[in-house]
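S.K.: As a plain string of letters, each chain reads:
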Amino acid sequence: MKFVKIKKEEGIATAVLSRGKVNALNETVIDELTDGFRRLAEDGDTRAVILTGEGKFFTFGFDIPEFLQYPRESFVRYLTKFTDLYTDIFLFPKPVIAALNGHTIAGGCMLAISCDYRLMVPGKAKISLNEINFGSSLFAGSVEMMKFWVGTRYAERAVCTGEMYGADEALRMGLIDQIVSPEELYAEANKVARYYSGKDGAAFRSIKYLVRKSLADDFMGKERESISEFVDIWYSENTWKNLQDKVIHG
Amino acid sequence: MKFVKIKKEEGIATAVLSRGKVNALNETVIDELTDGFRRLAEDGDTRAVILTGEGKFFTFGFDIPEFLQYPRESFVRYLTKFTDLYTDIFLFPKPVIAALNGHTIAGGCMLAISCDYRLMVPGKAKISLNEINFGSSLFAGSVEMMKFWVGTRYAERAVCTGEMYGADEALRMGLIDQIVSPEELYAEANKVARYYSGKDGAAFRSIKYLVRKSLADDFMGKERESISEFVDIWYSENTWKNLQDKVIHG
Amino acid sequence: MKFVKIKKEEGIATAVLSRGKVNALNETVIDELTDGFRRLAEDGDTRAVILTGEGKFFTFGFDIPEFLQYPRESFVRYLTKFTDLYTDIFLFPKPVIAALNGHTIAGGCMLAISCDYRLMVPGKAKISLNEINFGSSLFAGSVEMMKFWVGTRYAERAVCTGEMYGADEALRMGLIDQIVSPEELYAEANKVARYYSGKDGAAFRSIKYLVRKSLADDFMGKERESISEFVDIWYSENTWKNLQDKVIHG
Chain A
1 MKFVKIKKEE GIATAVLSRG KVNALNETVI DELTDGFRRL AEDGDTRAVI
51 LTGEGKFFTF GFDIPEFLQY PRESFVRYLT KFTDLYTDIF LFPKPVIAAL
101 NGHTIAGGCM LAISCDYRLM VPGKAKISLN EINFGSSLFA GSVEMMKFWV
151 GTRYAERAVC TGEMYGADEA LRMGLIDQIV SPEELYAEAN KVARYYSGKD
201 GAAFRSIKYL VRKSLADDFM GKERESISEF VDIWYSENTW KNLQDKVIHG
Chain U
251 MKFVKIKKEE GIATAVLSRG KVNALNETVI DELTDGFRRL AEDGDTRAVI
301 LTGEGKFFTF GFDIPEFLQY PRESFVRYLT KFTDLYTDIF LFPKPVIAAL
351 NGHTIAGGCM LAISCDYRLM VPGKAKISLN EINFGSSLFA GSVEMMKFWV
401 GTRYAERAVC TGEMYGADEA LRMGLIDQIV SPEELYAEAN KVARYYSGKD
451 GAAFRSIKYL VRKSLADDFM GKERESISEF VDIWYSENTW KNLQDKVIHG
Chain V
501 MKFVKIKKEE GIATAVLSRG KVNALNETVI DELTDGFRRL AEDGDTRAVI
551 LTGEGKFFTF GFDIPEFLQY PRESFVRYLT KFTDLYTDIF LFPKPVIAAL
601 NGHTIAGGCM LAISCDYRLM VPGKAKISLN EINFGSSLFA GSVEMMKFWV
651 GTRYAERAVC TGEMYGADEA LRMGLIDQIV SPEELYAEAN KVARYYSGKD
701 GAAFRSIKYL VRKSLADDFM GKERESISEF VDIWYSENTW KNLQDKVIHG
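Chains as they are written, first to last, in my numbering: chain A, 1 to 250; chain U, 251 to 500; chain V, 501 to 750.
Heads up, a few of these hints could be off.
Stated by the list, open to error - 25 Å max Cα-Cα, derived DSS-like pairs, lysine-lysine:
#, chain 1, residue 1, chain 2, residue 2
1, A, Lys199, V, Lys556
2, U, Lys306, U, Lys441
3, A, Lys246, U, Lys449
These are calculated hints, taken from the structure and not from any lab test.
Work out the full structure, taking the sequences as your base and the hints as a guide.
M.R.: Below you can see the structure in the form of structure tokens.
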């Protein structure tokens, strides 16, 4: 794989996002993650997965310059793949631990909140669904997963203001579960993965589905419509201008 | 309008409840609010709305002496208008900020929790869905909006006990978002309205609907039945006696 | 009744689990509780119910040695009765207060979280849905009731890890409502029962149903399938071995 490195050690697989400085998500990254997670789901030797990023970013979200070149139909295809991926992770039959090594923004935050547990580094790194601040909407599942972790009140505030949360505030809200120094991040994530994967696999999957399945069924039923509205707004005059400004001025 | 004053300044509309000492809600107030909010929804110059009250009360709720004169069919008509109004506000396409200048009780609390953000004065002012304490039930939407803000556990306790919360406790529960002195209430509400309305309007509406729309669809489907049960209990012997005692002894 | 003692005093009924050292739940206990609660629901003199246990345990859950003798169809019959019972309590038309006098584990925790309010003794007593730790799954309603009290994030952690919570942690999570010394447990539970049952009965039932009914309808619709999956896992090789080890080694 080009942008996702997967290694396995003693039953724990680690998938590392590795694409440039900010691990920007494009269609190849999503295809590779989708494929990787599907294979790990079926791999009898894998008991848990850690999802992390290389460098100072978990991921900064979608590769906007690249998507500004996409015609509408291609963008819809990409978004469908992307929301399918976070749903796959949300319903992954084994524990998935997110080791947030740095900024976890927009589409990156969506991947993080589809996992079972989040560890995050302290300091400057932020986590946020900040789409509204460049005039973009969200997807049904992304909003429902945010509600799942922090409750409706904090979720609405997060998505309607696009506020950026440091690890302390994210922990207080319930958006992450643990703060760990960069040096110990991998070892701690591994410890959590071992703790969760020490449970009986069939019971774990069954219970995880009791918690999540009907919620996921519900948002899957709304995803296509939410993508369509997302795309309408994305290509609207105001938002398009914001996106171009964002690309030019960072 | 007779009991609702609406003023506009730099894109922020303010609707002020202004009916006697306690801003008691009657059919005229609800008609005026409904009409006012519908016009503000369509008004291209209005980017956000502040809802507040005159004097020491936001509103003490329904004008019970007046409703004790209502025959059942008229009361059902009023309640349908009232629950339609809080649903309109809950799904208002622009930010609605509640500036709770004083007691926010029963029907008044329902209007407050249909907004996006609540500022409340400290001191003696209370916020409560206290209907149970005069033997009255509630409406489906009012219960769901309470759950939305404070979660099911606190919501159930609030509605099953009718406890009255001061600003400190309301903030701790998540029932309000900010405590502000009466002198600064309007200026602070205005600041919040500007903050929320600074977001792209189309993205804001789209995201607010992703958070709220299916919840509202769900409670709208139960509202008629809940009104019917509410009215059965309202006109029952016990509750009717409580209501009359309440009117006589305050 | 053999294992459930019911006494009534001034409108408050108390049901006491009384079966051996750990108040283990078997089919007779569940039949007696079901019958007891149905009669108390209809008893015009009963305004509230307290559910508690004798000795150092509220209940340690299912009587596993006994159920290891059950053929599959009998076990399904028992589980259907059991989930019907906690649904009856969850929708009981009068207040039900759980006085948790000691360990409240697995099936015992499910009964506790179907009540309206929980008081628990401090010290060594634990409360937990620990099924995963002997390789067992759960039932749809048990998971939804856990979400109801502590929110989805804490609920998922509780059911996927099977962690045992002391009273302090349970209170912090919202899993219980009050910590009371063993000496004062009954008096305090009685005080709470009087407080809740002081409300108008028709309004209380109506409001409780507004909060809980559609949630219960939803999980009742999934209960049969969840029982079927529970039983598949229960009789699987791994879990069966765990259960036998548990019986032999305690």
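S.K.: Could you work out which of the previously given hints the structure breaks and list their numbers from low to high?
M.R.: 1
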